[in-house]
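Protein chains in written order, with UniProt numbering: chain Y, 1 to 267; chain F, 1 to 259; chain U, 1 to 155.
The hints are simulated quantities; they were obtained by calculation from the structure and are not laboratory data.
The hints are all genuine.
When the alpha-carbon atoms are kept at most 30 Å apart in a straight line, the in silico DSBU-like pairs for lysine-lysine are as follows:
id: 1; chain 1: F; residue 1: Lys140; chain 2: Y; residue 2: Lys47
id: 2; chain 1: U; residue 1: Lys54; chain 2: U; residue 2: Lys77
id: 3; chain 1: F; residue 1: Lys191; chain 2: U; residue 2: Lys28
id: 4; chain 1: F; residue 1: Lys191; chain 2: U; residue 2: Lys125
id: 5; chain 1: U; residue 1: Lys39; chain 2: F; residue 2: Lys191
id: 6; chain 1: Y; residue 1: Lys47; chain 2: Y; residue 2: Lys228
id: 7; chain 1: Y; residue 1: Lys80; chain 2: F; residue 2: Lys140
id: 8; chain 1: F; residue 1: Lys140; chain 2: Y; residue 2: Lys69
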Amino acid sequence: MPLIKIRDLHFNRGDRVIFDGVNIDIQRGKVTAIMGPSGTGKTTLLKLIGGQLRPDKGTIEVDGQDVHKLSHSELYELRKRMGMLFQSGALLTDIDVFDNVAFPLREHTNLPESMIRDLVLMKLQAVGLRNARRLSPNELSGGMARRVALARAVALEPMMIMYDEPFTGQDPISMGTLVNLIHRINDAMKLTSIVVSHDVAETAEIADYIYLMSGGKIIEHGSPVQLKDSGSQWVQQFMQGLPDGPVPFHYAGPDFAEDLLNPEDNA
Amino acid sequence: MINYIRSLGRWGLGSFERLGRAHIFLVAMLAGVPGLFLRFSLVIQQLFSIGVLSVMLILISGLFVGMVLGLQGYNTLVDFGAEESLGVMVSLSLVRELGPVVSALLFAGRAGSALTAEIGLMKSTEQLSGMEMMAVDPIKRIIAPRFLAGIISMPLLAAIFSAVGVLGGFLVGHGLLGVDDGAFWSQMQAKTDLFEDIFNGVIKSVVFGLVVTWIALFEGYDAMPTSEGVGRATTRTVVHSAFAILGLDFVLTALMFGD
Amino acid sequence: MMQSKSTEITVGMFVAAGIAALFVLAMKVSNLGDLTEEKGYQVTAEFGNVGGLKVRSAVTMAGVRVGRVADISLDPKTFDAKVTLNMYPQFNNIPIDTSASIYTAGLLGEQYIGLVAGAEDESLKNGDVITLTQPALVLEQVIGQFLYSKAEGSD
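Just chain Y, same shape as in the assembly (with noise of 0.2 Å):
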């Protein structure tokens, strides 16, 4: 039984499919990933996934519940159990990272700030900025504030994380820190992971099934391995990275020489 189910999925922007008919299956335990170029409404899945935003038709069952035919008291109850790590970190710029990283549990726990304390160090710890608690978000690099947004995330010890395209602009160092910490803390707290991203190389390194997007469906499924040995021409385009294939270079339009030999622009 997996922990996440998209059944049938739709999806519009204004005039604009985003999803058009997805099912994805997320099992426990496991890090998949959902990989799509650019504007294939990765992040707005997560948005559907955590409720704040309502699909067309179809539904997503998290841990057997139907996400939006929940109440807004029964949805928060579920947010609870949910972690997400956002792109840009969303740490709370008015606090700093020890208090960022203490909001969640000041705000649904009752325990003593002694043991706050301990929890907020042990978290931090696992990151490895505790000696950064009393710095504001604002002096931290983004690679560290992702690394103090995912320390925030599991200070409930949720179920399961949401990751928001949690490689895009880092250098190296901080891209490698951040495959490790995700990689550790999935194991070690028996975490089921959701990762969206387009970073091909590090996903996959870290996944253990990969759903392939565009256009609005899933155009691809499957381990790591099985992804890179697949017949689709797209689906090679995408994994290695070659600038022209199925996905044209060209923004489709008149031929050059059709173009370079009409006076008129028209196009």
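Take the given structure of chain Y and dock chains F and U to it, following the hints.
Chains F and U in isolation, oriented as in the chain Y frame:
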């Protein structure tokens, strides 16, 4: 032509949609207010950044407005030999109108725009979204304390404005122009009614505080999550607040002081 | 989140300053001071015309305020205006034959009641009636009388 009508229609629908969203937002905010009494420290934090940080502006503006009223009022009243009524003129203009209105306009510029920028920035950096995913309702945790703090701050700021303004009028009237101080105060006390004038002024400023804070928070919450969107929302807060204050002032004045 | 002490203190000072400002407005600027002076005694006086006299107008004696108008009503029998004066308690030896007139402060000012002391030893008490009264000067009447007398005088 068809296109023009179509875009007009779209604009109209869009405006109604925004108006509807603003009122749903207001209801959600009001629903979040009772819970705040259990966690009043959240409100105190906001009283500081909304109220206390506006005090200096209110003090200085109130003093100068009162001083100008003293000068202008004296020049007019002295023609009728009624300069003893200077106190009444200063106190009534301040308590009924200028205190609530000018301090609300200053409040919109100082605290309102800051609120919109803050909330807009929190939205564009995904802090609000992140909070939702941590199962913390941002309307209850972030918006409602600011809303309540705005409603509490505004009448206090308006009262400070009026009090300092009366003092400014007295300094100019008595100190500079030599109006008898006994006459200044006794005439003022004779003609300024506690309920008719002062309480109505307080009611006005509570309404202004509610509306300005509501507009500011909604603009921030509804802003496009880009730096340009936040900038535009901030401008809108100041403009819409000014319209709302002046329009409501007319309505409230007609209700309170019109017979 | 730790609430810093200085934040709490400044917020406290802000709220106190705001309430103090309201208090100053109430006590110093408005007529609240008078609302608490209701403990005095009340006397009534009937006038042929009260002109622009209002409730809360001043009652003075030799220019000093000794009370306020508490109520104005119409006497159903005489069709005169019945004015109830609220006298401050410290002025408790005003002679019983004191007369009351309605004056105007300046040409355009508010109207008030001026008392002129009589000579009796007995003083006014709660519920007494001032019988010697002079009605308000109504400007139109004065001008009318003036023109009439001019017209008569020119014969």
